[in-house]
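Enquirer: Chain A is already provided as a structure; the job is to place chain B on it using the hints.
Heads up: the sequence lines are chains A and B, in that order. Just so you know, UniProt numbering puts 186 at position 186 of the first sequence, and the rest follows in order with no gaps. Just so you know, UniProt numbering puts 2 at position 2 of the second sequence, and the rest follows in order with no gaps.
Certain hints may be false.
[Stated by the list, open to error] No more than 35 Å apart at the CA atoms, straight line, and that leaves these computed lysine-lysine pairs for DSBU-like:
| no. | chain 1 | residue 1 | chain 2 | residue 2 |
| --- | --- | --- | --- | --- |
| 1 | A | K179 | A | K3 |
| 2 | B | K16 | A | K179 |
| 3 | A | K255 | A | K85 |
| 4 | A | K3 | A | K85 |
| 5 | A | K257 | B | K18 |
| 6 | B | K224 | A | K88 |
| 7 | A | K85 | B | K16 |
| 8 | A | K179 | B | K18 |
| 9 | A | K3 | A | K255 |
| 10 | A | K257 | B | K225 |
| 11 | A | K255 | B | K18 |
| 12 | A | K179 | A | K85 |
| 13 | A | K205 | A | K255 |
| 14 | A | K179 | A | K255 |
| 15 | A | K88 | A | K255 |
| 16 | A | K85 | B | K18 |
| 17 | A | K179 | A | K257 |
| 18 | A | K85 | A | K257 |
| 19 | A | K88 | A | K257 |
| 20 | A | K205 | A | K179 |
| 21 | A | K3 | A | K88 |
| 22 | A | K88 | A | K179 |
| 23 | A | K3 | A | K257 |
| 24 | A | K88 | B | K16 |
Please keep in mind that the hints were generated in silico from the structure rather than gathered at the bench.
Okay, here's what each chain looks like letter by letter:
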Amino acid sequence: MAKYIEMIRIRFLMMLAYRTNYYSGILIYSINIGAYYFLWSAIYGGQSSIQGMSATQMTTYVAVAWMARAFYFNNIDREIAMEIKEGKVAIELIRPYSYLGMKMMQGLGEGIFRLFFFSVPGMVIVGLIFPLQLTTNLHTWGYFAISTLLSFMINSQLNLLAGVLTFFTLNGEGLLRAKRFVIDLLSGLILPISFYPEWAQQLMKYLPFQGISYIPSMIFTESFTNDEILQGLLFQAVWVIILVIPIQFLWRIAKRKLVIQGG
Amino acid sequence: MFYISIFFQYMSQYLKTKLQYRADLLVEFLSDLMFQAVNLIFILVVFGHTQMLHGWTRDEIIFIYGFFLVPFSVFASFFNIWDFNERYIVRGEMDRVLTRPVHSLFQIILERMELESLLGGVTGLIIMAYAGSRLHLAFHWYDVFIFILFVLGGTLVYAGIFISLATISFWSDARSSIMPMMYNIGNYGRYPVDIYNRVIRYILTWVLPFAFVGVYPSAYFLGKKEWYVYSFLTPVMGIVFFMIAIFLWNAGVKRYRGAGN
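This is chain A alone, in the form it adopts within the complex:
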């Protein structure tokens, strides 16, 4: 366990060395949040609420969804694809740790760094510019923290899955790009899931994506009732467990194929 914590620490320090890159990142996210803020204000127009959410709640939703994204987002899919392609993964495999577990810890190190140097200052800046509704209810913050951690796990697992999948495909780049668009759309980052037509919502219940952005953001904006919060957290936890299966399965096959290639 100690070596994994060390991984988190090293990645955190690595990110710290390049922290100036992040100030502009906050600006980019603020620009995006701004675009959606104006768009949603226009969409709400005279209506006081759509799908049970007020305009302020929607602004908060957009802001928190983007700032939470800084935490759960990582490029471990690209890193894995790159290391497989360049053959570096062979060296990683003889090291005394689980390769995928280690990647996840690196992702967590990155996430923790961005949480402190990106999400928190970003949220303060965005809060000064746009009218947000930050709750003072400690329970909400607690649920939100758990939910965001789970969303990190789901997103990272999907990244692991996509990274390992590139091993079997010729054009990994296209696959990873496509995955990003699917996640942007179906995770609830650009649109709350409750805005989609009924049939689409039914369909998305069987997909893990809404556990990434929709559930934590809905919890944060207090748009969920207590029952819905618990259901949402359960949904996320179940997916974290389910996703282990395809990852392990594909990783085993990939490792076997890798040996043949190296021999």
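Expert: Same frame as chain A, now just chain B:
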């Protein structure tokens, strides 16, 4: 003449290399298509909950998005200048470019051409046709030429802004994230400017005139008379911003000393 023949020679070389890897090309097409679909789905879903966006209907917004895709795809095909700093200044490739008897900017445009992005323009045309037929827009024979003029104007606006930003590298070779920032600001131009507050509207019109890539030119085809003045300013803005960019580029090249020894 010389420039035109160089252009076609680069283009044929480009097509040869691309057609070697057809599967890659297909994947690229598909992921581009998905990107465009994401934005379209956003508009469609949102209009499931509202009738009007500041007086603009669903189909009008879709039309603007379709139009935006056309100049944007032309820009993306020919002006891949976003990594100019790393590719040409830091690695010293600029030295090679400068030894050749063709204008440096023209060479870079040719080298970094990505014609497959033009497919986005086709998607844009299809989206416009769909929205246009639902709106029963009247088309005249001369609209074709106006359309081409506006697309060129919009492309030049984009090109002018991004080339100007790339020239910063001549003065400072530090890495900056100003390019991705600009791409995100560019998205503001896809929606009617009147939804933004006055400052942003002013910036989008005169400082970073992204509105001339989407809303303003589209307003002409949508028959929004109050915006006609802006619509017809599109080519003017394009030329002005492109000229500024060329001027900055030439000034920068004069200052360029090379990164190596």
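Enquirer: Give a verdict on every hint.
Expert: Okay, the hints, checked on the actual structure:
no. : hint            : in the structure
1   : A:K179 x A:K3   : holds, 31 Å
2   : B:K16 x A:K179  : holds, 29 Å
3   : A:K255 x A:K85  : holds, 13 Å
4   : A:K3 x A:K85    : holds, 26 Å
5   : A:K257 x B:K18  : holds, 29 Å
6   : B:K224 x A:K88  : violated, 59 Å
7   : A:K85 x B:K16   : holds, 25 Å
8   : A:K179 x B:K18  : holds, 24 Å
9   : A:K3 x A:K255   : holds, 23 Å
10  : A:K257 x B:K225 : violated, 64 Å
11  : A:K255 x B:K18  : holds, 32 Å
12  : A:K179 x A:K85  : holds, 19 Å
13  : A:K205 x A:K255 : holds, 32 Å
14  : A:K179 x A:K255 : holds, 23 Å
15  : A:K88 x A:K255  : holds, 13 Å
16  : A:K85 x B:K18   : holds, 21 Å
17  : A:K179 x A:K257 : holds, 24 Å
18  : A:K85 x A:K257  : holds, 13 Å
19  : A:K88 x A:K257  : holds, 15 Å
20  : A:K205 x A:K179 : holds, 18 Å
21  : A:K3 x A:K88    : holds, 20 Å
22  : A:K88 x A:K179  : holds, 24 Å
23  : A:K3 x A:K257   : holds, 28 Å
24  : A:K88 x B:K16   : holds, 32 Å
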